[in-house]
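Asks: Could you slot chain B onto chain A? The hints should help.
2 protein chains.
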Amino acid sequence: MHPFTPHADATVSAWGETKLIQSIRRWLGTSNPPPPFGIGNDCAVLPASHRRQLITVDPVIFGRHFDETVAPRAVGAKLLKRNLSDLAAMGGRPTAAVLALTLDPRVSRDWLEAFYRGLAETARRYHVPIVGGDLAQANGVVAASLTLLGEAQGERVLTRTGAKVGDWIYVTGALGGSLASGRHFRFSPRLREGGWLAQRPEVRAMLDLSDGLAKDIHALTPLGAVPALQARQLPRHRGADLKAALTDGEDYELLFVLNKNADQGAFARAWRRAFPRLRVTCIGCFAPNGQQLATTLRIADYHGYEHLR
Amino acid sequence: MHPFTPHADATVSAWGETKLIQSIRRWLGTSNPPPPFGIGNDCAVLPASHRRQLITVDPVIFGRHFDETVAPRAVGAKLLKRNLSDLAAMGGRPTAAVLALTLDPRVSRDWLEAFYRGLAETARRYHVPIVGGDLAQANGVVAASLTLLGEAQGERVLTRTGAKVGDWIYVTGALGGSLASGRHFRFSPRLREGGWLAQRPEVRAMLDLSDGLAKDIHALTPLGAVPALQARQLPRHRGADLKAALTDGEDYELLFVLNKNADQGAFARAWRRAFPRLRVTCIGCFAPNGQQLATTLRIADYHGYEHLR
Numbered sequence: 001m002h003p004f005t006p007h008a009d010a011t012v013s014a015w016g017e018t019k020l021i022q023s024i025r026r027w028l029g030t031s032n033p034p035p036p037f038g039i040g041n042d043c044a045v046l047p048a049s050h051r052r053q054l055i056t057v058d059p060v061i062f063g064r065h066f067d068e069t070v071a072p073r074a075v076g077a078k079l080l081k082r083n084l085s086d087l088a089a090m091g092g093r094p095t096a097a098v099l100a101l102t103l104d105p106r107v108s109r110d111w112l113e114a115f116y117r118g119l120a121e122t123a124r125r126y127h128v129p130i131v132g133g134d135l136a137q138a139n140g141v142v143a144a145s146l147t148l149l150g151e152a153q154g155e156r157v158l159t160r161t162g163a164k165v166g167d168w169i170y171v172t173g174a175l176g177g178s179l180a181s182g183r184h185f186r187f188s189p190r191l192r193e194g195g196w197l198a199q200r201p202e203v204r205a206m207l208d209l210s211d212g213l214a215k216d217i218h219a220l221t222p223l224g225a226v227p228a229l230q231a232r233q234l235p236r237h238r239g240a241d242l243k244a245a246l247t248d249g250e251d252y253e254l255l256f257v258l259n260k261n262a263d264q265g266a267f268a269r270a271w272r273r274a275f276p277r278l279r280v281t282c283i284g285c286f287a288p289n290g291q292q293l294a295t296t297l298r299i300a301d302y303h304g305y306e307h308l309r
Numbered sequence: 310m311h312p313f314t315p316h317a318d319a320t321v322s323a324w325g326e327t328k329l330i331q332s333i334r335r336w337l338g339t340s341n342p343p344p345p346f347g348i349g350n351d352c353a354v355l356p357a358s359h360r361r362q363l364i365t366v367d368p369v370i371f372g373r374h375f376d377e378t379v380a381p382r383a384v385g386a387k388l389l390k391r392n393l394s395d396l397a398a399m400g401g402r403p404t405a406a407v408l409a410l411t412l413d414p415r416v417s418r419d420w421l422e423a424f425y426r427g428l429a430e431t432a433r434r435y436h437v438p439i440v441g442g443d444l445a446q447a448n449g450v451v452a453a454s455l456t457l458l459g460e461a462q463g464e465r466v467l468t469r470t471g472a473k474v475g476d477w478i479y480v481t482g483a484l485g486g487s488l489a490s491g492r493h494f495r496f497s498p499r500l501r502e503g504g505w506l507a508q509r510p511e512v513r514a515m516l517d518l519s520d521g522l523a524k525d526i527h528a529l530t531p532l533g534a535v536p537a538l539q540a541r542q543l544p545r546h547r548g549a550d551l552k553a554a555l556t557d558g559e560d561y562e563l564l565f566v567l568n569k570n571a572d573q574g575a576f577a578r579a580w581r582r583a584f585p586r587l588r589v590t591c592i593g594c595f596a597p598n599g600q601q602l603a604t605t606l607r608i609a610d611y612h613g614y615e616h617l618r
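Going down the list, the protein sequences come from chains A and B. The opening position of the first sequence corresponds to residue 1 in the numbering used here, with each subsequent residue numbered one higher. The opening position of the second sequence corresponds to residue 310 in the numbering used here, with each subsequent residue numbered one higher.
It is possible that some hints are incorrect.
Claimed, not checked - Computed footprint of chain A on chain B; a stretch qualifies when at least three of its residues, placed anywhere within it, have a C-beta under 8 angstroms from a C-beta of chain A: (1) 351-362; (2) 407-413; (3) 434-444; (4) 458-469.
Just so you know, these hints were derived from the structure itself, not from any lab. Because the structure is a prediction, the values reported are computed rather than measured. All residues carry an ideal CB built from backbone N, CA and C; glycine is no exception.
The shape of chain A in the complex, shown without the other chains (with noise of 0.2 angstroms):
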């Protein structure tokens, strides 16, 4: 569907402001809390939080996240989706969200329309309440950013840093094809596997694959080391080749180093006990810098997403 409607009586200009924040409160429904914790105030309220907490953003832009083909509903699943996927790296769940939207006055209602409802479903399945947002305009632009705030599930909150020399590279699900198979739009964040590993002491470091496994491995690997990985071992979707594998992106699956000396066979086994449909995988380690063997991958041949090119 395209955002744009070159019906002037359809478009979210012809209603203005008011009616159009009346209707995205009809439409987020049971996601948008009541004032003062949702939308209605100068800020959203938000309980005390007696966990750290975690906060992220992410956008969606017309022409570059999503384009005319895309089903509104599905754009603001995503939306939400790739955020909630960076709290799952982080071992967190999510507390609240607000949304920033850029709509040039051309944007149909009905697309709007269907975009909250799209969020607003996604936000009802994961439990994130919308409390608030702002409306601007632009012409042209049809973009939403969305801020998640959330709190770390357990104690422990892992980062991108604290992998060793020696330690495992694992990685769940399988990548690659995702922006061409429509997966990047119905994929899950790994919510319940991030809290689960978060809280395993043989974790050392973690991150959710956005930019490629060959881009975002770099931000885990320790000084001093390099990612040795085996070809054959990359978890792939059907049709998707090594190099589709490494650089397409857009995974939204976790990547997690274990410490050297773990039990890789317990792991493996509490593993499928917690989470017996999602396949997880040992991918490689990190081979002290000029180890490699002349079976490890060429990563450096590989890029991955790099943005602002």
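Replies: The following block gives chain B in isolation, referenced to the frame of chain A:
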């Protein structure tokens, strides 16, 4: 300064994402804490908060909120200050901010550096750590959306709800001419004042004036009442006529409501002791519907700024 440069090697896209993020961390300086509390992970980590929290989001967009005649430092500063003003309106103080940037690849690095330096300077002045953000690309767009997190300064958070028939209406500072004079870039968010007012039991409701008094006052007006304002009591900036004071918008002054039984003299004295350099003015009251005096301003004849029209 125009955000776009015709010199390809001076653009943000000539650097790409990785180098740009390194530069952003340098430009933000001490206003960006080290990871995991700042830029560098999937989420930023924030300490637990034992007070109720506040969250708000507001953007600045090229062609809408600023143009090439505005110094980029002022744009960065305003982005944070307009969010701080929302926090002030509820009696909050800031705790953290994240920034979502959408940039055309032709944006010049000089423009972006000055923008960030203006933001960082303001962040240090108001003690706001800039903990994270996102960079996205879209043709023809220069937009920045800032989400600000805060907490109540005391036990009480003020909302827009709570005024009763007969209550007094007050405003800080003076109104009108903010856009024409450039004051909308130079204003000071009323954080200290908002925090003080939220702790005064006689103050029942508050907001910050962003779309003009004539529009914003409706959000404070209780059922069964109308705002009865006296035109000659409205504090106006030099050169601003009555219409400007009522409708120009972007005043960023606090509009608040005093209990009708409050001791107005005692309140005025306490205010002068706390804020000797900023005036506060009683501009009228909420009269019962149909009981307006002939001298009352016909506020329905004035319209504030309506977004998306």
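Asks: Any of the earlier hints contradicted here, and which numbers?
Replies: No numbers; nothing is violated.
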